[in-house]
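Participant: Make the full structure from the sequences, and use the hints.
Protein chains: 2
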Amino acid sequence: MDLLINIDSASAAPLHRQIYDEVRRAILSGRLAKGKRVPSTREMAKMLGVSRATVTLAFEYLLSEGYFQTYKGSGTYVSKHLPDELTYVSEELAEEAHHLAEEAFEQIGSSGAFPAPETSGAFPVIEPALTPAPEGQKRRRGRKLSLYGMSLRSRDWLGFPDDEPEIQFAFGRPDLDEFPMRVWNQLMNKRCRQRKLDLLDCPTKAAGYEPLRKAISRYIARARAVICDPEQVIIVNGSQQALDLVNRVLVDPGDLVGIEEPGYIGAQKAFQAQGARLIPAYVDKNGVRVDYLKARLGKDGDKLKVLYVTPSHQYPTGVVMSLPRRLELLTWAKREGTIIVEDDYDSEYRYSGKPMPALAGIDDGGTVIYVGTFSKVLLPALRLGYLVVPKDLVGVFSRAKWLADRHSSLLQQQVLADFILQGHLSKHVRRMRAIYQERRKLVIECLKGLFEDDVTIYGENAGINILLRLKTDLADDEIVARARRLGVGVVSTRQLYLQDAPSAEFLLNYGGLKEDEIVEGLSRLRAAIADKEQPLIQPA
Amino acid sequence: MDLLINIDSASAAPLHRQIYDEVRRAILSGRLAKGKRVPSTREMAKMLGVSRATVTLAFEYLLSEGYFQTYKGSGTYVSKHLPDELTYVSEELAEEAHHLAEEAFEQIGSSGAFPAPETSGAFPVIEPALTPAPEGQKRRRGRKLSLYGMSLRSRDWLGFPDDEPEIQFAFGRPDLDEFPMRVWNQLMNKRCRQRKLDLLDCPTKAAGYEPLRKAISRYIARARAVICDPEQVIIVNGSQQALDLVNRVLVDPGDLVGIEEPGYIGAQKAFQAQGARLIPAYVDKNGVRVDYLKARLGKDGDKLKVLYVTPSHQYPTGVVMSLPRRLELLTWAKREGTIIVEDDYDSEYRYSGKPMPALAGIDDGGTVIYVGTFSKVLLPALRLGYLVVPKDLVGVFSRAKWLADRHSSLLQQQVLADFILQGHLSKHVRRMRAIYQERRKLVIECLKGLFEDDVTIYGENAGINILLRLKTDLADDEIVARARRLGVGVVSTRQLYLQDAPSAEFLLNYGGLKEDEIVEGLSRLRAAIADKEQPLIQPA
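These protein sequence lines map, in sequence, to chains A and B.
At the far end of the first sequence sits residue 540, using this note's numbering, and the numbering has no gaps.
At the far end of the second sequence sits residue 540, using this note's numbering, and the numbering has no gaps.
Please note: incorrect hints may appear among the correct ones.
It does not matter which identical chain is meant; a pair holds if it fits inside one copy or across any two.
[Claimed, not checked] Straight-line distance between alpha carbons at most 20 Å, and here's what the computed SDA-like set of lysine to any residue pairs gives:
#1 Lys190 / Phe179
#2 Lys391 / Pro230
#3 Lys391 / Asp364
#4 Lys303 / Met150
#5 Lys205 / Phe171
Honestly, the hints are just simulated from the structure, not real lab data.
Since this is a predicted model, take the numbers as computed values, not measurements.
Facilitator: In structure tokens form, the structure reads like this:
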């Protein structure tokens, strides 16, 4: 292998990281051809003058991310399933990647593979609920709200009841009791004593507290293979504000925006309120169907401004987007000039299968806006998250953040920076992964025990929720109402679909529930459905 | 006086507050005629069966807010300068109020009365920098941003240099060292130990932590005469987010929005980015010139969607809007259907003259959106502020807040609620008022000593900044550059004007500076201007 690998022992980057980066670059640039045999870890270690353990670590990353593959007893090869060159990939190679995705990559996230959508050539556009009234035509009486404001008028806008049931499966929450509040409070005390209230009131500083931006850029490089400058990290109040800024900076009323079908309600509502025309991006067992998007959007020259995706754990189906599908998506988006918004909301929790690098880690820096949040991994109450934006958009996003609310709370940014830099975040993630894995196991056992063949489970290998479809004649609303009467909150996925939703599909968020609550809650759900009583809700 | 005053000793409202409310209502509804003599405090106390001190307190409020007036030795009367009935005030009465404003009310905020603008019938509209390209016409190359995003492209968008000078007069900051961090930290410790992380993830709870909303509604009732239900209080991340939500909910591109001329840059930039067409609302010694707005807007049937004002301490002129002007403005706005956004950013600091109730305290609840912030009174780093919105807009604003960033940081909301309820806020305000009053005195002494007749000072009786106009031949940029070379940051008001700005007008923010810094900073500013050297900046 005539592979030039530059490693720099003076660099701050760990040696295994440098090897990984160099090999990856060689593969993606075509210098290292697909299918080619790779030297053994022993050979490579000797070549580079580093320990064999260092090389092994780098190889494990490359294997786990699909850049390398192994055949029993015959060594390690560059994967055949990668296009030669990501940046200038040809149409044919993208097609090939798509087919490979279908054939070669098993779905790794689901016991039941999420079924491909039944669409026979119909590729709808969901128009915004409100469009500007023609010139001269009067708006309806009362307050003169903006189109955005008018779209928020309905009381039924998001149909969550106010009161909390005893056992709540309906909201995606982490376990609040497990949050290391003592550590957090100690760090907070220290920062309060320091009183270093560096002022962020200047628009150029709106993007956040420098040390936190640095800490995050290191964290996501390690955890998600996203390589960026700290200046590309914009601190926001959780992922919802990230979406709001994307909306502001990129989307005009009438623009086409793609969102996964089914998809995250916070994104759907935000883009709809902005007046975007939504295109459903159907999801199958490998993630978003890029071929559908191509067919739909090639037709009449329309281009997607933004495509919102959750590749590490599709919300709500739990599908993990396969590597070929990721490459196909990136290649297509780059050609179209579509910005991919990658919401990596709970990527920390992965229980089986290969960990997959973020889309933003494969992108060469111009196509993907990466969204991360500490709401799932720490506390939603903190309201801290971040965007990683392409370099040419840093200025515009910083200014948009300044206009939105100047900057995020400084004390909390300082404490979070300390928390990450002192290793508490990684430790907490590891601890919680074990806890959630136990809960996930329990949820699946309970569901299978209680519902037997009447349940299909999806997306259980990652995150802190799972999707299930039940066999029942009851309407979704009836199930929700019956469960609630028994003190259990469940949410149907109906409002996560832009179009017709399958019936009796529910999202169970188990992250915040203790084991006894899970057992009790699922038993009550079973009882609610088994009940032969009169329906609570009369069909309309 | 056949005045029926109902007081209820079982009510939670203090007795003096009840008396104040009843009398005020009687005046505004016309039951208590203008010019009528009012019983003495002794008579009234006997009549109502309460202590004389209670009545005296109520009367003091009514006097200080201009509802009552006194003549030497002849007792207390209902003010003659109030229209009979605010809610149904006639055109004539509004006109009368305007004239009374000119004649009878002295300007109470300025040693130099802020000069009326020189406008001879010219009432311009400032069109947004960017308007949508006509259908089919291509936008310029590069990233496809939204119109909002495009308006933020320029690096010169807000011309603040990154680095901090030694002595900074350019930003409106409180004194960070005086913030009661020990108390804050103790409250934070307690809340952390409690771990009561009540979840606000439901859209109906996005408006904030209930006890904080209650605490704020009580605080502004007492401090600003704004009477509202806690549910009308929407917690946001400082006043900038309040403006952003107003923009979202009320303003469409092309809508007319009025902002004070000169006015607050954060509002100007936000409305401009939204694509609003801006109308300059000129300011004289009594506040916004309502007659100009009437003349401009009556002409071709245009209506203002929103008018942004800072009546308690106009930013940057420091003018305090007179009561008749307030009534004239409200009457006009109500008739036009214009929403008044009242930004009460530093009303806590008032050093002389009568305290004036907020506009929202006079409004009957449908016209004014009130904006408050803790950035000036506590810490900008906290990012906590609030909106008080009319009842019919509570739902829409809550949902807009949910879409913007779900809710504001819960822990900080909890701590702030405790801080207010335990009386620390009022205590802090009283303490800081004394400190800032000393600083203000010092600033004025120094300016007068150093610049003598070359300076005119405006708006020094309130807030934590003052406006000054210098007599000098130097260009604004030259003065800023020279001061900066001497380690002093000053900001010209040029960018606060939509149209031509006077030259050598500067805003001095002294709140965050110690006395020695003030003396040193102003001496250096004097030296910078007196310097006979070559200009640093060549005229373009």
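Participant: Against each hint, give a clear statement of whether it holds in the structure.
Facilitator: Hints, verified against the model:
1. Lys190 / Phe179: both (19 Å within a copy, 16 Å between copies)
2. Lys391 / Pro230: within (10 Å within a copy, 43 Å between copies)
3. Lys391 / Asp364: within (11 Å within a copy, 49 Å between copies)
4. Lys303 / Met150: Cα proximity of Lys303 and Met150: across copies only (19 Å, versus 27 Å in one copy).
5. Lys205 / Phe171: Result: close only across copies, 14 Å inter versus 34 Å intra.
In summary, this structure violates none of the numbered hints.
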